[in-house]
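Novice: Residue -1 is where the sequence shown starts when you use the working numbering, and the numbers rise one by one after that.
No lab work stands behind these hints, which were simulated from the structure alone.
A couple of the hints might just be wrong.
Straight-line alpha carbon distances no greater than 25 Å define the calculated PhoX-like cross-link-like pairs of lysine-lysine that follow [to be verified]:
1) 72 - 4
2) 112 - 10
3) 4 - 35
4) 112 - 35
5) 10 - 35
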Amino acid sequence: MVMLSKFEQVQKQWGGTSDVIDHWLMSRQQLLIDYCKLAGLPPFETKQRQLPTSDQLQLFSQQLVDYISEGHFKIYDMVMARWNATGYSPTAEISQVYAQITQTTDPLLNFTEKYTEISEDDLEWSEFDSDLSAIGELVEIRFALEDGLIELISESLACPPGA
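Throw the hints in and build the complete structure from the sequences for me.
Specialist: Written out as structure tokens, the structure is:
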């Protein structure tokens, strides 16, 4: 799977450079695992594709909401605290990439709203595969944007102003 390969590359490149980035990557890894389980992708595929249960959908939806919230609040706050301690502030480029990331938030949250708090009888299974595929594509776009942001953040934390 492409997202897992890209994740491994990013983890090799940026893992260990900052506790903020390491935390972000760990959260991403958990979201990827949960997505692969839900979609029945390697290494979680089965011989016969089975639809997820409502509990599995709720778990993934919660993980997705947690990942989004953590990115917007906890991780951004951690980066800002580190920057404030070193006298650095976000550049226009960092702000622009962050704005692009936030544009993926509503469509991702719309998926969670559609598939949380429902029972198997309520599910609109005819749309599920296309919805899950769209979420996978959107998560992949978000990850690519986050990778760019990680690079910008890592560079800024490695060389603070006046250093």
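Novice: State for each hint whether it applies.
Specialist: Status of the hints after comparison with the structure:
1. Using a Cα cut-off of 25 Å, the hinted pair residue 72 and residue 4 holds, with the two alpha carbons roughly 23 Å apart.
2. A distance of roughly 35 Å separates the Cα atoms of residue 112 and residue 10; the hinted pair therefore is violated under the 25 Å criterion.
3. The suggested pairing of residue 4 with residue 35 holds, with an alpha-carbon distance near 18 Å, which does not exceed 25 Å.
4. Restraint check for residue 112 and residue 35: satisfied, since their Cα atoms lie roughly 19 Å apart, inside the 25 Å limit.
5. About 23 Å separates the Cα atoms of residue 10 and residue 35, which keeps this hinted pair within 25 Å; it holds.
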